[in-house]
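> Below, each chain spelled out in residue letters.
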Amino acid sequence: GEDVEQSLFLSVREGDSSVINCTYTDSSSTYLYWYKQEPGAGLQLLTYIFSNMDMKQDQRLTVLLNKKDKHLSLRIADTQTGDSAIYFCAESMRSNYQLIWGAGTKLIIKP
Amino acid sequence: EADIYQTPRYLVIGTGKKITLECSQTMGHDKMYWYQQDPGMELHLIHYSYGVNSTEKGDLSSESTVSRIRTEHFPLTLESARPSHTSQYLCASSGSDRGVEQFFGPGTRLTVL
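Chains as they are written, first to last, in my numbering: chain A, 1 to 111; chain B, 1 to 113.
So that you can see chain A by itself, here it is in the shape it has in the complex:
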């Protein structure tokens, strides 16, 4: 079945760039999303990319999509302590109105 995979943890130094990776299996996905979850809170949509795009940039965030390899990445430039959170990758299903979620990557910021 459809699956989305992410590494569970990423540790970076404050000021460095963070790159969070995600792989997915459904080649018919129309949209792919990155959500952020801070401790004790719900999920907040960070950014999304349509499947016919290769890259999308929004301030400090850059999303790269490699459809051939079914690989999605989120780059956060100049990582700050406020970026410490769990980042979820999700793909939309063309056949229904549901999202397939990754397990989330916990971003840890070292001073």
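Read the hints as simulated data drawn from the structure, not as lab findings. Where a beta carbon is used, it is the ideal one built from N, C-alpha and C, also for glycine. Misleading hints may appear alongside valid ones.
Claimed, not checked - Straight line, CA to CA, 30 Å or less: simulated DSSO-like cross-link-like pairs of lysine-lysine:
#	chain 1	residue 1	chain 2	residue 2
1	A	36	B	57
2	B	31	B	57
3	A	36	A	70
4	B	57	B	18
5	A	70	B	57
6	B	31	A	70
7	A	56	A	106
8	A	56	A	67
9	A	106	B	57
10	B	57	B	17
11	A	106	A	67
12	A	56	B	31
13	B	31	A	36
14	B	31	B	17
15	A	68	A	36
16	A	110	A	68
17	A	68	A	56
18	B	31	A	67
19	A	56	A	70
20	B	31	A	106
21	B	18	B	31
22	A	106	A	68
23	A	36	A	56
Stated by the list, open to error - Computed Cβ-Cβ distance ranges for the label pairs, DEER-style:
#	chain 1	residue 1	chain 2	residue 2	range
24	B	86	A	15	45 to 53 Å
25	A	80	B	18	38 to 46 Å
26	B	41	A	71	21 to 29 Å
27	B	77	A	60	36 to 44 Å
Starting from the structure of chain A, add chain B where the hints point.
What follows is chain B alone, placed relative to chain A:
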């Protein structure tokens, strides 16, 4: 800012009690979802609805039930709470824009003693 609300935010209750977790959205979204999430862990879809009087079970089996009598309201009920129900419950809704982008409420953290 997403207009989706959940109450209560925190609930500590004894075994055997009946509880209802409330979820409301003011965006007129037709699709609504309930997820169960243990702290720092992945999301599990337990219920969803594509409109009034439409409810379906999700991928994770749950003893809870839901109803959708009004578009804006999607409550989740546990008839008899057990310690195994201790978790965070997240409600989300989706309209027709940008695929199936989901907007999330703040969550209800449930502890059953």
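> Evaluate each hint against the coordinates.
Comparing the hints with the structure gives:
1. A threshold of 30 Å between alpha carbons decides the hint, and for residue 36 of chain A with residue 57 of chain B the separation of about 25 Å falls inside it, so the pair holds.
2. Distance hint between residue 31 of chain B and residue 57 of chain B is fulfilled; the C-alpha atoms sit about 14 Å from each other, no more than 30 Å.
3. A C-alpha spacing of about 21 Å is found between residue 36 of chain A and residue 70 of chain A, which places the hinted pair at or below 30 Å, so the restraint holds.
4. As the CA atoms of residue 57 of chain B and residue 18 of chain B are separated by approximately 20 Å, the hinted pair is consistent with the 30 Å bound.
5. Restraint check for residue 70 of chain A and residue 57 of chain B: the C-alpha separation of about 29 Å stays at or below 30 Å, so the hint holds.
6. Proposed proximity of residue 31 of chain B and residue 70 of chain A is supported: the alpha carbons are some 27 Å apart, at most 30 Å.
7. Distance restraint check for residue 56 of chain A and residue 106 of chain A: the Cα-Cα separation of roughly 22 Å lies within the 30 Å cut-off, and the hinted pair is therefore satisfied.
8. About 14 Å separates the Cα atoms of residue 56 of chain A and residue 67 of chain A, which keeps this hinted pair within 30 Å; it holds.
9. In summary, the hint linking residue 106 of chain A to residue 57 of chain B is supported, as the alpha carbons are separated by about 29 Å, within the 30 Å threshold.
10. For the suggested pair residue 57 of chain B and residue 17 of chain B, the alpha carbons sit about 22 Å apart, so the restraint of at most 30 Å is met.
11. Straight-line distance between C-alpha atoms of residue 106 of chain A and residue 67 of chain A comes to about 24 Å, which keeps the hinted pair within the 30 Å bound.
12. The hinted pair formed by residue 56 of chain A and residue 31 of chain B meets the criterion: a straight-line CA distance of about 27 Å does not exceed 30 Å.
13. Simply put, residue 31 of chain B and residue 36 of chain A have alpha-carbon atoms about 21 Å apart, close enough for the 30 Å limit, and the pair holds.
14. Of the pairs offered as hints, the one joining residue 31 of chain B and residue 17 of chain B holds, with about 29 Å between alpha carbons and a cut-off of 30 Å not exceeded.
15. For the given pair, residue 68 of chain A sits about 26 Å from residue 36 of chain A by alpha-carbon distance, which is consistent with the 30 Å threshold.
16. For the suggested pair residue 110 of chain A and residue 68 of chain A, the alpha carbons sit about 34 Å apart, so the restraint of at most 30 Å is broken.
17. Proximity of residue 68 of chain A to residue 56 of chain A is assessed by CA-CA distance (about 17 Å); at most 30 Å being required, the pair is judged to hold.
18. Annotation: proposed proximity of residue 31 of chain B to residue 67 of chain A holds, straight-line Cα distance about 28 Å (limit 30 Å).
19. Simply put, residue 56 of chain A and residue 70 of chain A have alpha-carbon atoms about 16 Å apart, close enough for the 30 Å limit, and the pair holds.
20. As the CA atoms of residue 31 of chain B and residue 106 of chain A are separated by approximately 28 Å, the hinted pair is consistent with the 30 Å bound.
21. For the given pair, residue 18 of chain B sits about 26 Å from residue 31 of chain B by alpha-carbon distance, which is consistent with the 30 Å threshold.
22. Restraint check for residue 106 of chain A and residue 68 of chain A: satisfied, since their Cα atoms lie roughly 26 Å apart, inside the 30 Å limit.
23. With a C-alpha separation of about 17 Å, the suggested pairing of residue 36 of chain A with residue 56 of chain A holds against the 30 Å cut-off.
24. Distance hint check: the CB atoms of residue 86 of chain B and residue 15 of chain A are about 39 Å apart, inconsistent with the given range 45 to 53 Å.
25. Take residue 80 of chain A and residue 18 of chain B: their Cβ atoms lie about 44 Å apart, and the range 38 to 46 Å holds.
26. Checking the proposed 21 to 29 Å range against residue 41 of chain B and residue 71 of chain A shows it holds: the Cβ atoms sit about 23 Å from each other.
27. At roughly 42 Å, the beta-carbon separation of residue 77 of chain B and residue 60 of chain A lies within the given 36 to 44 Å, and the hint holds.
Hints 16, 24, counting from the list given before, are not met by this structure.
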